[in-house]
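All chains should be built: construct the whole structure from the sequences, respecting the hints.
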Amino acid sequence: MNITNFDCIVIGAGPAGLAAACAARDCGLEVALLDEQAAPGGQLFRNVESPLAQRLLDEKDRRTGLDLVARFRAGGTDYRPHSTVWAIDGTAVSYSRNGVSERITASHIILAPGGMERPVPFPGWTLPGVMGAGGMDILLRSDCLPRLSRQEPVVLCGNGPLLLLLACHLLDAGAPVAAWLDTGDTLRRLAALPHMPAALGDRAYLAKGLRMARRVLSSGMPIIRNVRSLRAEGDGHVEQVRYTTSKGEYRLPAGMLLRHEGIIPRTHIPNALGLAMTWDEVQRCWHPTTDIRGRTSCEHISIAGDSAYVHGGDASLLKGTLAGIDAARRLHVISEAEADHRSAGTLRELRRLEWARGFLRHIFAPHPDIFAVPDETIICRCENVSAGDIRAAVREGFTNVNEIKRFTRCGMGPCQGRMCGPALAELAAQASGLPPRQVDMLHVRMPFRPVPLNEYCTLNGLGYEENHTA
Amino acid sequence: MSNTPGKTVHIIVNGTSVEVPEGVSVAAAVLGHSHERHFYEHSLDGSKRAPWCLMGVCFECMLEIDGRPNVQSCMVQVAEGMVVNTQKRPAVPGENGLSDQGDRA
Ligand SMILES: Cc1cc2nc3c(=O)[nH]c(=O)nc-3n(C[C@H](O)[C@H](O)[C@H](O)COP(=O)(O)OP(=O)(O)OC[C@H]3O[C@@H](n4cnc5c(N)ncnc54)[C@H](O)[C@@H]3O)c2cc1C
Ligand code: FES
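Line order of the protein sequences matches chains A and B. With our numbering applied, the first sequence has no gaps in its numbers, which climb one by one up to 470 at the end. With our numbering applied, the second sequence has no gaps in its numbers, which climb one by one up to 105 at the end.
Hints listed in this document are in silico derivations from the structure and should not be mistaken for laboratory results. Don't take each hint at face value.
[Said to hold, decoys possible] FRET-style restraints, in silico, Cβ to Cβ:
id: 1; chain 1: B; residue 1: P69; chain 2: A; residue 2: P51; range: 28 to 38 Å
id: 2; chain 1: A; residue 1: H341; chain 2: B; residue 2: V83; range: 54 to 64 Å
id: 3; chain 1: A; residue 1: G433; chain 2: B; residue 2: L44; range: 27 to 37 Å
id: 4; chain 1: A; residue 1: T105; chain 2: B; residue 2: D66; range: 32 to 42 Å
id: 5; chain 1: A; residue 1: E336; chain 2: B; residue 2: L44; range: 51 to 61 Å
id: 6; chain 1: A; residue 1: P435; chain 2: B; residue 2: L44; range: 28 to 38 Å
id: 7; chain 1: A; residue 1: R55; chain 2: B; residue 2: A79; range: 15 to 25 Å
id: 8; chain 1: A; residue 1: G220; chain 2: B; residue 2: P69; range: 44 to 54 Å
id: 9; chain 1: A; residue 1: T289; chain 2: B; residue 2: D66; range: 42 to 52 Å
id: 10; chain 1: B; residue 1: P69; chain 2: A; residue 2: R348; range: 33 to 43 Å
id: 11; chain 1: B; residue 1: L44; chain 2: A; residue 2: R71; range: 44 to 54 Å
id: 12; chain 1: A; residue 1: G433; chain 2: B; residue 2: A79; range: 46 to 56 Å
All C-beta atoms in this analysis are idealised placements derived from N, C-alpha and C, irrespective of residue type, glycine included.
As structure tokens, this is what we get:
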């Protein structure tokens, strides 16, 4: 029999969700975990149980990941992979699994959908061969490196720790890399300096970063600073990359262009639920308003991991543990005193990490100019809405992104504004002279993932079982 | 677990059988092993498109898989004998039973 009522439902099987499920189970809660991937691990520990995926993890991450997944599997959580959550209504969670939609309920819900790369449009970014750096990392972990050559090499462009990691992985894989085009903000990097002493509180992390930086520098990969006006060009596939620096305009032949401008929280679920959100002025992104235990503006919903704020994989694990314990406290399965006792060590460790990593927020702050793209740039890939269309809408007097969406269709396609939302807000802010926080964020309606109509109709409880395939 | 190095399955991409690692997504397999230049053509302007994220965010990895069009191929694992086709300019969103996004004006 399929159980449909739980104490706690966790969404996402990354470090945060797995740790949350383990902690909640340890306290005695009945837990279900829904994740759309085939295996537990999320982004950092993607497919960690398979030797193929383990190759790219360093020894510490591999051990942490394997241990976490083993504890999770042994802990008795009702784990439902291949399950894409598309709605939350009160205490009910609806999800689609192998073409069938189901609904389960719980007294407490922990969201842990993780982060995503900040999508930053530029002319030519819809050309095949142009990808996010994270996408390439997933290809490398899958042993699916696309065909490249000295004549058709990889060009890296952007700013952020994941780009450094990817550069090392590409070097390890022997992939030809023509150049690293740095779009970072020197002033912001200087602003990070006062935070650097704190970083010494996290020497292992700092050492790993420096090791990777040395690896890239010693490889002889050209690193080009202050890159602006990036363009991908080609006929049906990227063939060359164009950019400017203070010295002039340059071109590079390329078989792939990988862009990265940092990781931002995935906010579609908290947004659709109307949870309170905060704008981060330095990282230029929205994140749900939470305390250190992941409590949100809605009592029975908490958020853990990078979806609360991007602090990285090890912090995500700690945040998950705290959210799991706090769920048991809220449901009175453990006392306040026991919750405090169980969380004390984790809390201390998380505070230390967050303090030590304060500098990353500044060092890898996105340069506001990356959104100053020419009018012809496609912003909404689904509906082919250009930067010019958005600027025209602002000239018509629309300044709220939701009005601009209705006027231009920007954000109305299948990705539901995931790829264009941040850029739409930045462009609207630039064109109207308002700060980004004041142009609002795209409101997400449920379902927050597209669901085939026939699945709606066969959702358990609705009783409509006829085989309509639309 | 799902993929051991060396363990492979065969999928048929645009009529050609390709050997790919077990346990990976269809999108990754097609990019890395059958080297298709694009996945589908955009319904509005016919422009050629291919995956951006490989993690379920961008919806740019639409392929026809075992006869079903517009499948988000980065979220589907490869399976022995799977038939995969890149797509010509597809039908309008909504045709595959995709629900509307609510506020279509
Ligand atoms: C592309 C990418 C690559 C990265 N690579 C590295 C790396 O190599 N090293 C590193 O240290 N850090 C990396 N990071 C950062 C790292 O992923 C995070 O710090 C860490 O994985 C966050 O853990 P999490 O549990 O919060 O979320 P994640 O690990 O992202 O897990 C979230 C899970 O939720 C699932 N999910 C999301 N929405 C839904 C839904 N609606 N229904 C069902 N399931 C859903 C996702 O499929 C995923 O499995 C990467 C991040 C990204 C985005
Ligand atoms: S590649 Fe982005 S959703 Fe599949």
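Structure-based check of all given hints:
1. B:P69 with A:P51: 28 to 38 Å: 34 Å, holds
2. A:H341 with B:V83: 54 to 64 Å: With Cβ atoms ~56 Å apart, the hint holds.
3. A:G433 with B:L44: 27 to 37 Å: 31 Å, holds
4. A:T105 with B:D66: 32 to 42 Å: 33 Å, holds
5. A:E336 with B:L44: 51 to 61 Å: Holds, at about 57 Å.
6. A:P435 with B:L44: 28 to 38 Å: 33 Å, holds
7. A:R55 with B:A79: 15 to 25 Å: Given range 15 to 25 Å: holds, Cβ gap about 23 Å.
8. A:G220 with B:P69: 44 to 54 Å: About 46 Å separates the Cβ atoms of G220 (chain A) and P69 (chain B), which means 44 to 54 Å holds.
9. A:T289 with B:D66: 42 to 52 Å: For D66 (chain B) against T289 (chain A), whose Cβ atoms are near 44 Å apart, the range 42 to 52 Å holds.
10. B:P69 with A:R348: 33 to 43 Å: Because 53 Å falls outside the window, the suggested range is violated.
11. B:L44 with A:R71: 44 to 54 Å: Between L44 (chain B) and R71 (chain A), where Cβ atoms are some 48 Å apart, the hint holds.
12. A:G433 with B:A79: 46 to 56 Å: At roughly 53 Å between Cβ atoms, A79 (chain B) and G433 (chain A) fall inside 46 to 56 Å, so the hint holds.
Hint 10 alone, counting from the list given before, is not met by this structure.
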